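Novice: The listed protein sequences correspond, in order, to chains V and E. Taking my numbering, the leading residue of the first sequence gets 1, the next gets one more, and so forth. Taking my numbering, the leading residue of the second sequence gets 1, the next gets one more, and so forth.
Hints in this document: simulated from the structure, not taken from any laboratory. In this text the structure is predicted, and so the values were computed from the model without any measurement. Glycine is no exception: its CB is placed at the ideal position from the N, C-alpha and C atoms. A portion of the hints provided could be inaccurate.
Far from chain E, by Cβ distances over 10 Å, these chain V residues were calculated [what the hints assert, rightly or not]: (1) ALA53; (2) ALA77; (3) GLY91; (4) SER116; (5) ARG130; (6) ALA150; (7) GLU164; (8) SER201; (9) ASP232; (10) ASP260; (11) THR282; (12) PHE293; (13) VAL304; (14) SER309; (15) GLU322; (16) GLY324.
Now the stretches of chain E that chain V is said to cover, found in silico as 3 or more residues with beta-carbon under 8 Å [as the list claims (entries may be wrong)]: (17) 80-93; (18) 111-124; (19) 128-140; (20) 155-163; (21) 187-201; (22) 256-266; (23) 312-318.
From the derived model, a few chain E residues whose C-beta atoms are all more than 10 Å from chain V [unchecked claim]: (24) ASP21; (25) GLU52; (26) ALA55; (27) ALA60; (28) ASP61; (29) ASP64; (30) CYS66; (31) PRO104; (32) ARG176; (33) HIS205; (34) SER229; (35) THR234; (36) GLY303; (37) LEU306.
Number of protein chains: 2
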Amino acid sequence: MPEDAIRAGETTAGKMRTVRDVCVIGLGLIGGSLLRAASAVGREAWGATASEADAAAAAADGFDACTDVAAALRRAADSDAMVVLAVPLTGLDEVLRQVREYAPNCLLTDVTSVKSAVLASVRAFTPEARFVGGHPMAGTTESGWRAGNAALFGGAAWMLGVEEETDLAAWADVARLALDIGAHVVPLSAAAHDEAVARISHLPHLLAAVLATIGAQGGPLAMALAAGSYTDGTRVASTRPDLVRAMTEGNREALLPVLDDALGRLGAMRGSLASTGGLAATITAGHEGSLVFARAREATPTGVRLSLSAPDAREGLRALGERGGRITALTDDDTAIGEVA
Amino acid sequence: MPEDAIRAGETTAGKMRTVRDVCVIGLGLIGGSLLRAASAVGREAWGATASEADAAAAAADGFDACTDVAAALRRAADSDAMVVLAVPLTGLDEVLRQVREYAPNCLLTDVTSVKSAVLASVRAFTPEARFVGGHPMAGTTESGWRAGNAALFGGAAWMLGVEEETDLAAWADVARLALDIGAHVVPLSAAAHDEAVARISHLPHLLAAVLATIGAQGGPLAMALAAGSYTDGTRVASTRPDLVRAMTEGNREALLPVLDDALGRLGAMRGSLASTGGLAATITAGHEGSLVFARAREATPTGVRLSLSAPDAREGLRALGERGGRITALTDDDTAIGEVA
Numbered sequence: 001m002p003e004d005a006i007r008a009g010e011t012t013a014g015k016m017r018t019v020r021d022v023c024v025i026g027l028g029l030i031g032g033s034l035l036r037a038a039s040a041v042g043r044e045a046w047g048a049t050a051s052e053a054d055a056a057a058a059a060a061d062g063f064d065a066c067t068d069v070a071a072a073l074r075r076a077a078d079s080d081a082m083v084v085l086a087v088p089l090t091g092l093d094e095v096l097r098q099v100r101e102y103a104p105n106c107l108l109t110d111v112t113s114v115k116s117a118v119l120a121s122v123r124a125f126t127p128e129a130r131f132v133g134g135h136p137m138a139g140t141t142e143s144g145w146r147a148g149n150a151a152l153f154g155g156a157a158w159m160l161g162v163e164e165e166t167d168l169a170a171w172a173d174v175a176r177l178a179l180d181i182g183a184h185v186v187p188l189s190a191a192a193h194d195e196a197v198a199r200i201s202h203l204p205h206l207l208a209a210v211l212a213t214i215g216a217q218g219g220p221l222a223m224a225l226a227a228g229s230y231t232d233g234t235r236v237a238s239t240r241p242d243l244v245r246a247m248t249e250g251n252r253e254a255l256l257p258v259l260d261d262a263l264g265r266l267g268a269m270r271g272s273l274a275s276t277g278g279l280a281a282t283i284t285a286g287h288e289g290s291l292v293f294a295r296a297r298e299a300t301p302t303g304v305r306l307s308l309s310a311p312d313a314r315e316g317l318r319a320l321g322e323r324g325g326r327i328t329a330l331t332d333d334d335t336a337i338g339e340v341a
Numbered sequence: 001m002p003e004d005a006i007r008a009g010e011t012t013a014g015k016m017r018t019v020r021d022v023c024v025i026g027l028g029l030i031g032g033s034l035l036r037a038a039s040a041v042g043r044e045a046w047g048a049t050a051s052e053a054d055a056a057a058a059a060a061d062g063f064d065a066c067t068d069v070a071a072a073l074r075r076a077a078d079s080d081a082m083v084v085l086a087v088p089l090t091g092l093d094e095v096l097r098q099v100r101e102y103a104p105n106c107l108l109t110d111v112t113s114v115k116s117a118v119l120a121s122v123r124a125f126t127p128e129a130r131f132v133g134g135h136p137m138a139g140t141t142e143s144g145w146r147a148g149n150a151a152l153f154g155g156a157a158w159m160l161g162v163e164e165e166t167d168l169a170a171w172a173d174v175a176r177l178a179l180d181i182g183a184h185v186v187p188l189s190a191a192a193h194d195e196a197v198a199r200i201s202h203l204p205h206l207l208a209a210v211l212a213t214i215g216a217q218g219g220p221l222a223m224a225l226a227a228g229s230y231t232d233g234t235r236v237a238s239t240r241p242d243l244v245r246a247m248t249e250g251n252r253e254a255l256l257p258v259l260d261d262a263l264g265r266l267g268a269m270r271g272s273l274a275s276t277g278g279l280a281a282t283i284t285a286g287h288e289g290s291l292v293f294a295r296a297r298e299a300t301p302t303g304v305r306l307s308l309s310a311p312d313a314r315e316g317l318r319a320l321g322e323r324g325g326r327i328t329a330l331t332d333d334d335t336a337i338g339e340v341a
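Please model the entire structure based on the sequences and the hints provided.
Specialist: As C-alpha cells, this is what we get:
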C-alpha cells in the first residue's frame, strides 16, 4: 500500500479506528476475557458463542452476549466493528463462512494459538477480509467463560501477524486494542510464530502429557511421592484435551521437526545412560537453556521507534519481533514505540 | 529381630531414642534445613560440611556448624546421636569411610534422592551400621545453606527405607525426627522408591532439560513468547547440574525402563502426527493421568494402625507405602498411626 493511502486513512479514519467497537465470537477463556477487558476500557463490546452455557454465564455477569452469531456479526457490520474470532481452530471455518455472509467488510482478527492454518482458512473463506492474525500468550489450564477475567492479558505477549498483504492501518487498530487491555504486541509472520510456539508451547504440552501418563502408571505410590518437579512438569496436561489437540495438530508442519529434535536428544541421552552412564551433556545443556531464558527475562531493553507508514514498515516490525522485541505503545500518528534487548 | 528384643529396647532406651541428638553431615539445602528444623523442635543438633561457605553461613546464622566432619562424627559417637548424611550421592562413600572410623555404632540415616545405590554403599563401607535410608521429597531448584529453611519439610513426604535387615527401633527413631519437623513418613523398600522417583522426579528433570535446550535454540523470539507452559515445564532445569546428575545417574537401573517408556510414547506420537495427523491418544492419556494425580491428592484417606513390634511389621509398612499410604504419628509404644486412600 502506498504511503499516501495509509496517511490518508489515518487522517480521515484514525479517530474512529482507535475507538472501534469490538465483536467477539467465542466466549471461552480467551474470548470471554477479551469481552470483559474491552468493556472495562470503555469499548462498546458484545459477544456471541455457540455454547449456551458460556452465553448464559456471560449474560448473567452483565455482558452483552448471546448464542446468535449471525446477529452479532450483522451488528458488527452495521457499526464497522472489529470482529475477533475466539473459537478453537477446529471451529474456525464454520465461523468464517458466517463472517463472509454477515460481516464481509469488517476488520477481522483472531486469538488462535496457531497462525499459518488460520491464515490459510481466512484466505480460502474470506479472501477479501482485512485480516490481522493474533495470538495472546495468556492461556491457563482452565477453559470456558467462568475461567476468564478482564486482567488476563495484563503483561502478556500478544503476537500480531505481519504478512506481505497485511493492512497496517488495520494492524494498528488491533494493536491498540491489545495495548489498551494491558498486553504488549509482538509483530511476527505466521510462520515465525508457529515455529516458536511449537518449541515453547506445543512441545511443553506434549511432554506434560507423556509425563502425566508415565507418572500415573506408577500407581498410588508414585502419586504419593510426586512433588514439585512432577506437579510443574504435568500442570498443563490438565488442559481440555480438544483444545490441546486443536493447537498441536493444527501446527503439524512446525511441530514435527521440533518433535524430532526432542526424540533425537532423548534417544542420545538414553544411549549415553545405558553405555557410559553419563547424562552430563543433556543436563548441562538444559541448565544453560534455563539461563538463556532467565537472562532473556532480565535483560535491559533498548527503546525503538518504528513508523507504520515507512515503506519497509512490515520488514521492520517482523525484524523487531524476531529479535525478541515488543511494541508497548502506538502514537496517534501510528509510530510504534517498542523495545528490544 | 525377635519381638522381645524390640520391646526391651523400647522399655530401656525408648525415652532416650525419642530425644536423640542429631548430627548432620552436609549443610546444603536439605542438610541445612534439617539442622534448622531439628534445632527448632528442641533437639541438640550440630552439623559439619566440606563446604567452607556453607559452614560459615550456618555458623553466622547461629548454628553449631564447622568444616571438621571427623570432629562432628566423634561428638555423635560420644552422645550416641543420630547421624544424618546429607551429601550428594557422589560424595557419600568418602563420608561413609569417616563414619566407619569415627562413629561406627551410631544410628545412621541419609536424605539422598536415590536409595538402592546408597544401600549398596552402606553395605560396602559400613556393613555393621544400624542404617535407615531416607528421602524427604522437599527439594527446590535452589541449593546451599542459604536456600534452606526450618519449614522446608512441612507437609512433605519423607520416604524411610524398610529392608529385610532394617532395625525397626532405629527406624522409629528416624521416623520420629521426620514427624517432629512436620513431614509424613512413607515406608518403602529402596527398590520401590527408586522405581517411583524415576517416574515422578528423574524423568521430569530430564524432560525439563530437553525442553529448556530446545526452547533456548528458538532464540530471542521463542524466549519472548514463552509463557506458563514453558516456565512450568522448564523450572527444574535451573537446578544445579551436578545434583541432577548425581540423582539421575545414580538411579540408572530404574531410570532406563522409564526413559524407554517415554521414548516409545514420544515416538508413537511422532508417527501418528506425521501419518494421520492425530494426537488424540497421547493427549487423552495425559489428561487422564492428570486426573489420576488430582484424585490421588483429593482422596479421603482411611486411618490405619500398625504395630512396629508385629512379626510382619516390615511387610505391613512396605505395603502401606506401596498403596500410596503414609504414617502421620508414632505412639510411645511404637504403633504407627497412618492413613491410606
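Novice: Each hint should be assessed against the structure and marked as holding or not.
Specialist: Comparing the hints with the structure gives:
Every CB of chain E is more than 10 Å from the CB of V/ALA53 (nearest about 20 Å), matching its label as outside the interface. Under the 10 Å C-beta cut-off, the non-interface status given to V/ALA77 relative to chain E holds; the minimum distance is some 33 Å. V/GLY91, annotated as away from the interface, keeps every beta carbon of chain E farther than 10 Å; the closest lies near 17 Å. With a least CB separation of 14 Å from chain E, V/SER116 remains clear of the 10 Å interface cut-off, as annotated.
The beta carbon of V/ARG130 is kept farther than 10 Å from every beta carbon of chain E, the shortest such distance being approximately 25 Å. At roughly 18 Å from the closest C-beta of chain E, the C-beta of V/ALA150 stays outside 10 Å, upholding its exclusion from the interface. For V/GLU164, the requirement that its beta carbon stay farther than 10 Å from each beta carbon of chain E is met, with the minimum near 19 Å. Listed as a non-interface residue, V/SER201 fails to keep its Cβ farther than 10 Å from every Cβ of chain E; the least gap is roughly 5 Å.
Distance check for V/ASP232 against chain E: the nearest CB is about 5 Å away, which does not clear 10 Å, and the non-interface claim fails. Annotated as non-interface, V/ASP260 brings its C-beta within 10 Å of a C-beta of chain E; the closest such distance is 7 Å. Against the 10 Å criterion, V/THR282 falls within the reach of chain E, whose nearest CB is about 5 Å from its own CB. Under the 10 Å C-beta cut-off, the non-interface status given to V/PHE293 relative to chain E is violated; the minimum distance is some 6 Å.
A cut-off of 10 Å between C-beta atoms confirms that V/VAL304 is not in contact with chain E; the least separation is 14 Å. With a cut of 10 Å on Cβ distances, V/SER309 stays outside the contact zone with chain E, its closest approach being about 25 Å. A cut-off of 10 Å between C-beta atoms contradicts the statement that V/GLU322 is not in contact with chain E; the least separation is 5 Å. Not every C-beta of chain E lies more than 10 Å from that of V/GLY324, the closest at about 3 Å, which undercuts listing it as non-interface.
Proximity of the stretch 80-93 of chain E to chain V, defined as three or more residues with a beta carbon under 8 Å from a beta carbon of that chain, is not established by the 0 residues found. A count of 0 residues in the stretch 111-124 of chain E with a Cβ less than 8 Å from any Cβ of chain V is obtained; the coverage claim is therefore unmet, three being the minimum. Under the rule that three or more residues need a Cβ within less than 8 Å of chain V, the assignment of the stretch 128-140 of chain E holds, with 4 such residues. Requiring three or more residues with a Cβ within less than 8 Å of a Cβ of chain V, the coverage given for the stretch 155-163 of chain E holds, as 3 such residues are present.
Evaluation of the coverage hint for the stretch 187-201 of chain E: fulfilled, as 9 residues show C-beta separations to chain V shorter than 8 Å, against a requirement of three. Requiring three or more residues with a Cβ within less than 8 Å of a Cβ of chain V, the coverage given for the stretch 256-266 of chain E holds, as 9 such residues are present. Counting residues of the stretch 312-318 of chain E whose beta carbon lies closer than 8 Å to any beta carbon of chain V gives 0, which falls short of the minimum of three for the stated coverage. Against chain V, the non-interface label of E/ASP21 holds: every CB pair exceeds 10 Å, the least being about 29 Å.
Once the 10 Å rule is applied to beta carbons, E/GLU52 is consistent with being away from chain V; the minimum gap is 24 Å. Remark: the non-interface label on E/ALA55 is consistent with the geometry, its nearest Cβ contact in chain V lying 26 Å away (cut-off 10 Å). Under the 10 Å C-beta cut-off, the non-interface status given to E/ALA60 relative to chain V holds; the minimum distance is some 28 Å. The Cβ of E/ASP61 sits about 24 Å from the closest Cβ of chain V, beyond the 10 Å cut-off, so the non-interface label holds.
Once the 10 Å rule is applied to beta carbons, E/ASP64 is consistent with being away from chain V; the minimum gap is 29 Å. Against the 10 Å criterion, E/CYS66 stays outside the reach of chain V, whose nearest CB is about 31 Å from its own CB. Consistency note on E/PRO104: stated as away from chain V, and its beta-carbon is indeed over 10 Å from all of that chain's, at 31 Å minimum. Once the 10 Å rule is applied to beta carbons, E/ARG176 is consistent with being away from chain V; the minimum gap is 20 Å.
Remark: the non-interface label on E/HIS205 conflicts with the geometry, its nearest Cβ contact in chain V lying 6 Å away (cut-off 10 Å). In this structure E/SER229 is not separated from chain V by more than 10 Å, as the shortest Cβ-Cβ distance comes to only about 4 Å. A Cβ of chain V approaches the Cβ of E/THR234 within 10 Å, the least distance being about 6 Å, so the stated non-interface status is violated. No Cβ of chain V approaches the Cβ of E/GLY303 within 10 Å, the least distance being about 16 Å, so the stated non-interface status holds.
Under the 10 Å C-beta cut-off, the non-interface status given to E/LEU306 relative to chain V holds; the minimum distance is some 16 Å.
This entry does not satisfy hints 8, 9, 10, 11, 12, 15, 16, 17, 18, 23, 33, 34, 35, going by the numbered hints stated previously.
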